[in-house]
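Chemist: What follows is the residue order along each chain.
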Amino acid sequence: MTAAIIQAVLLSLTVAALYAAVAAGLTLTVGVTRIINFAHGEFVMLGAFLTYWLYTRFGLSPWLGMLASGVALGLFSMLVYRGFLARVLKQDEHNQLLATLGLSILILNIAIILWSPDPRVMQAPALLPSAQFAGVTIPGNNIVVAIVGLLLFLVMLGIKNHTRYGTQMRFASDDPALAMHAGINVDRIFELSFVIGGAAAGLSGGLVALVLYVQPTVGVDLVIRAFAIIALGGLGNIPGALIGAAILALVEGLISTFVPGGGSWGFGVAFLILLLVLLVRPSGLFGKQVHA
Amino acid sequence: MNRFEVTIEKAGYGELVVVPSLSLEVSGGELLVLLGPNGAGKTTSLRALVGTVETAARRLKLDGQDLSALSAWQLARARIAFVPDGARCFANATVEENLRGAFEALSPRDAHGERRRLFELVFELFPILRERLGQLAGSMSGGQRQMLAVARALMIEPRVMVLDEPSAGLAPKLVEELFEALGRIKSTSGCAIVMAEQNFAAAMSVADTCLVLDEGHVALTGTMEEVTRNEKLRIAYLGL
Numbered sequence: 359m360t361a362a363i364i365q366a367v368l369l370s371l372t373v374a375a376l377y378a379a380v381a382a383g384l385t386l387t388v389g390v391t392r393i394i395n396f397a398h399g400e401f402v403m404l405g406a407f408l409t410y411w412l413y414t415r416f417g418l419s420p421w422l423g424m425l426a427s428g429v430a431l432g433l434f435s436m437l438v439y440r441g442f443l444a445r446v447l448k449q450d451e452h453n454q455l456l457a458t459l460g461l462s463i464l465i466l467n468i469a470i471i472l473w474s475p476d477p478r479v480m481q482a483p484a485l486l487p488s489a490q491f492a493g494v495t496i497p498g499n500n501i502v503v504a505i506v507g508l509l510l511f512l513v514m515l516g517i518k519n520h521t522r523y524g525t526q527m528r529f530a531s532d533d534p535a536l537a538m539h540a541g542i543n544v545d546r547i548f549e550l551s552f553v554i555g556g557a558a559a560g561l562s563g564g565l566v567a568l569v570l571y572v573q574p575t576v577g578v579d580l581v582i583r584a585f586a587i588i589a590l591g592g593l594g595n596i597p598g599a600l601i602g603a604a605i606l607a608l609v610e611g612l613i614s615t616f617v618p619g620g621g622s623w624g625f626g627v628a629f630l631i632l633l634l635v636l637l638v639r640p641s642g643l644f645g646k647q648v649h650a
Numbered sequence: 042m043n044r045f046e047v048t049i050e051k052a053g054y055g056e057l058v059v060v061p062s063l064s065l066e067v068s069g070g071e072l073l074v075l076l077g078p079n080g081a082g083k084t085t086s087l088r089a090l091v092g093t094v095e096t097a098a099r100r101l102k103l104d105g106q107d108l109s110a111l112s113a114w115q116l117a118r119a120r121i122a123f124v125p126d127g128a129r130c131f132a133n134a135t136v137e138e139n140l141r142g143a144f145e146a147l148s149p150r151d152a153h154g155e156r157r158r159l160f161e162l163v164f165e166l167f168p169i170l171r172e173r174l175g176q177l178a179g180s181m182s183g184g185q186r187q188m189l190a191v192a193r194a195l196m197i198e199p200r201v202m203v204l205d206e207p208s209a210g211l212a213p214k215l216v217e218e219l220f221e222a223l224g225r226i227k228s229t230s231g232c233a234i235v236m237a238e239q240n241f242a243a244a245m246s247v248a249d250t251c252l253v254l255d256e257g258h259v260a261l262t263g264t265m266e267e268v269t270r271n272e273k274l275r276i277a278y279l280g281l
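Residue numbers (this note's numbering), protein chains in the order written: chain R, 359 to 650; chain G, 42 to 281.
To be clear, the hints were calculated from the coordinates, so they are not data collected in a lab.
Each residue gets a CB set at the ideal place from its N, CA and C atoms; glycine is no exception.
Mixed in with the good hints, there may be bad ones.
Computed footprint of chain R on chain G; a stretch qualifies when at least three of its residues, placed anywhere within it, have a C-beta under 8 Å from a C-beta of chain R [to be verified]:
id	segment
1	139-145
2	245-252
Chain R regions said to be covered by chain G (calculated; three or more residues, Cβ under 8 Å) [stated by the list, open to error]:
id	segment
3	521-535
4	627-634
Take these sequences, add in the hints, and give me the full structure.
Modeler: And the structure:
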């Protein structure tokens, strides 16, 4: 029993890292531009497919595949931003919501038409050897997900807090008009954060291909969890999101492992927790009052 | 040096024209104050100048160079600094980040010496900022935020500084301090200053020339001396 609990906790934590990786890019985009980007999940899905194909068709190592997915989705995000979102940003927030939701549904359905809804498994050899810990085995790919997911998170945090572009991102999100008067090209900074967020989505798609089924709908569940995580942690609060991811994944993992028929319970209970947190602390567990 | 010439036509919001026409000129080392009661069009004029309010025409010239086509953020890069009303700062950033970020937005990556020099310059003008470096700007008092707002503008070594009612909401003692600092800025940096102000008495101490707006129209313009001598206009427009 103890071993089973440890196993469930450890696996849940690697799942948390995956959720965190998906949320990392999203929290940058949402925190800076205030665009609620529903299509982030589809960016993740595209990254997963790309990594999967690069491996199955060209034998490219998933290490390189996830990097390539990051670059590809960064470029794709730039196209989406310039061709589409930059215009919608000038309209009111409801239009932005509908625009990204529409984009999300559009990409999802094109994917289903082109590639069929069938789940695929990337049968690549594990990227790292599996590890033994307190009598339980953690598969190597879960370790990769945990490490890369955390790294991605730290990189996002570093960009935001320790680079000159990060300062400009924070200024632009704090007060776009004032940032403009400080000589900051706010449009360009918004684009930059959207592109970095998209690249992070692509890279986390590579992680998805390692541990989950690759299928068109894979991004939908993930993006809902990512929004929940961001809400739990407090909008724009990157470390808060990390803890939010751990809470969500642990609750889900433990319930689906130990409650009979818990597979369908986990997701629901996790969101019940989210709703309760939002009732008690609307700015999230770690959200500051000033931080809008 | 730093001769700044502005002409604005039909500044307003959509159909509503607030300021039909306005021209002003100010030179480096001079402060021009835009006076007038609430609703006279001071803020609209300044926003039209920096390009955030629509105009039928806007002409900006700095030392003969035409800057009319520049947008708000490009004007800052041309070292025309705008300090909007309301002591606005980047509330979720510290005082230090506010200042450093403003510097970095315009400067090359390796200009550390330059940055230190400007930091010293603003600390000399506003010593309180040195003590508050690590504090979040949003948690400071209105007066301190206004000083930070002016200091942030100074971090780009402005050739022209445009300020919208910097004294609003400040205690008289702070207004005095702030205007004294503005006086020192114009005389030491050679920067030209355009400032909208309701507080005529305080503005008098630091302004060189004056432009009085009344319901969007220029009612009176001239040097401070001329304006203070013209008793009739003074009483009519400034209530003094």
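Chemist: Does the segment 139-145 of chain G contain three or more residues whose Cβ lies closer than 8 Å to a Cβ of chain R?
Modeler: holds (count 4)
Chemist: Can you confirm whether chain G covers the segment 521-535 of chain R, using C-beta to C-beta distances below 8 Å and requiring at least three such residues?
Modeler: Coverage by chain G holds here, the residue count being 8 at a Cβ distance below 8 Å.
Chemist: State whether the coverage of the segment 627-634 of chain R by chain G holds or is violated, taking the criterion as 3 or more residues with Cβ-Cβ distances under 8 Å.
Modeler: Three-residue rule not met by the segment 627-634 of chain R, so violated; n is 0.
Chemist: Verify the coverage statement for the segment 245-252 of chain G against chain R, using a C-beta to C-beta distance below 8 Å and requiring 3 or more qualifying residues.
Modeler: It is violated, with 0 qualifying residues against the three required.
Of the numbered hints given earlier, the model fails hints 2 and 4; all others are met.
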